[in-house]
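2 protein chains.
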Amino acid sequence: MIAVLRIGHRIDRDKRVTTHVALVARAFGADKIFITTKDEKIKKNIQSVCSRFGGDFQVETGIDHKKIIKSWQGSIVHLTMYGMELDEAVDHLDTGRDLLIIVGAEKVPRYFYEVANLNVSVGNQPHSEVAALALFLDRYTKAAWQRKDFNGNIQIVPCVKGKTVLSKGKT
Amino acid sequence: MIAVLRIGHRIDRDKRVTTHVALVARAFGADKIFITTKDEKIKKNIQSVCSRFGGDFQVETGIDHKKIIKSWQGSIVHLTMYGMELDEAVDHLDTGRDLLIIVGAEKVPRYFYEVANLNVSVGNQPHSEVAALALFLDRYTKAAWQRKDFNGNIQIVPCVKGKTVLSKGKT
Numbered sequence: 011m012i013a014v015l016r017i018g019h020r021i022d023r024d025k026r027v028t029t030h031v032a033l034v035a036r037a038f039g040a041d042k043i044f045i046t047t048k049d050e051k052i053k054k055n056i057q058s059v060c061s062r063f064g065g066d067f068q069v070e071t072g073i074d075h076k077k078i079i080k081s082w083q084g085s086i087v088h089l090t091m092y093g094m095e096l097d098e099a100v101d102h103l104d105t106g107r108d109l110l111i112i113v114g115a116e117k118v119p120r121y122f123y124e125v126a127n128l129n130v131s132v133g134n135q136p137h138s139e140v141a142a143l144a145l146f147l148d149r150y151t152k153a154a155w156q157r158k159d160f161n162g163n164i165q166i167v168p169c170v171k172g173k174t175v176l177s178k179g180k181t
Numbered sequence: 011m012i013a014v015l016r017i018g019h020r021i022d023r024d025k026r027v028t029t030h031v032a033l034v035a036r037a038f039g040a041d042k043i044f045i046t047t048k049d050e051k052i053k054k055n056i057q058s059v060c061s062r063f064g065g066d067f068q069v070e071t072g073i074d075h076k077k078i079i080k081s082w083q084g085s086i087v088h089l090t091m092y093g094m095e096l097d098e099a100v101d102h103l104d105t106g107r108d109l110l111i112i113v114g115a116e117k118v119p120r121y122f123y124e125v126a127n128l129n130v131s132v133g134n135q136p137h138s139e140v141a142a143l144a145l146f147l148d149r150y151t152k153a154a155w156q157r158k159d160f161n162g163n164i165q166i167v168p169c170v171k172g173k174t175v176l177s178k179g180k181t
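Residue numbers (the numbering used here), protein chains in the order written: chain X, 11 to 181; chain H, 11 to 181.
None of these hints come from the bench; they were simulated from the model.
One thing to keep in mind: the hints can contain errors.
It does not matter which identical chain is meant; a pair holds if it fits inside one copy or across any two.
List time: in silico DSS-like cross-link candidates among lysine-lysine, alpha-carbon distance up to 27 Å [stated by the list, open to error]: (1) Lys80 / Lys178; (2) Lys77 / Lys51; (3) Lys54 / Lys77; (4) Lys117 / Lys53.
Source: prediction; values computed, not measured.
Working from the sequences, and respecting the hints, build out all of it.
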């Protein structure tokens, strides 16, 4: 089980970026996202993607992050530009254990740096939690996303020009 | 020279995601971003990151995309979930040539699919142009971002807990 914990989501300001975080979590191999702020709209959007494109990715919003963290039976990492280098960090993690990946929005309280077993940086430059999560999952899963079949009602077939879409029925 | 062409940017709706696209372009090895819509604020934000964290990444906004594309002396790729698989696409590209990477916002007009030498998919699931750009640059540059020194006034030193920041002077 790989879960993402998105903290500090502000409904108006972050709706697009948090949607990207959730879709990246799903596409690159996480099983679930917890979003601390209650946000039914984002939950519906992600569930709509899942029902069309497949997989059983789960979304929970309005959760108590301390409860999730305290009861977590597995490793906890926090993605931050200040953390340990990605490749080194991944070598430290036991992929046989469950993993909770904390992804912040703006300023992240010290608490999250402390509760994480590892603070992990995807480069030490400012960029994006969306990119950081994608690269982290890519390295952690050894690019398993490239081979995953979501078995959805809609399937996209790679093609050089235009769009090739297979549809299993009413979507 | 690697440049990113961000199309369809809507100032209010996309400001955060386009900022992430630009920061990812810089952090993962592009030299420049063109943003079709005029947006002085985003330009200032990115330039402020460059002046603090280093490098000579360039930002141009309010450009004529057709002019850029017509005069481009090099390869052109367009990132889309409908395109050719990432690894296969990267094998097709001559890294000795300049590269223009087109990154869309919402619906992308057919024109961009047509002018691209390659349409490239980073997975065939819906996720994020921010993640797609990061993964594309990671593979295309063979993860050169992990070794790049931006030589900025601010330098972050990887560390397991907390923050270690080196500052060359007034920032």
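Verification of the hints:
1. For the homomeric pair lysine 80 and lysine 178, neither the shortest alpha-carbon distance inside one copy (42 Å) nor that between copies (40 Å) is at most 27 Å.
2. Proximity of lysine 77 to lysine 51 under the C-alpha cut-off of 27 Å is restricted to the intra-copy arrangement: shortest distance 23 Å within a copy versus 39 Å between copies.
3. Within a single copy, lysine 54 and lysine 77 get their C-alpha atoms as close as 24 Å, which meets the 27 Å cut-off; across copies the closest is 40 Å, which misses it.
4. Within a single copy, lysine 117 and lysine 53 get their C-alpha atoms as close as 24 Å, and across copies as close as 22 Å, so both meet the 27 Å cut-off.
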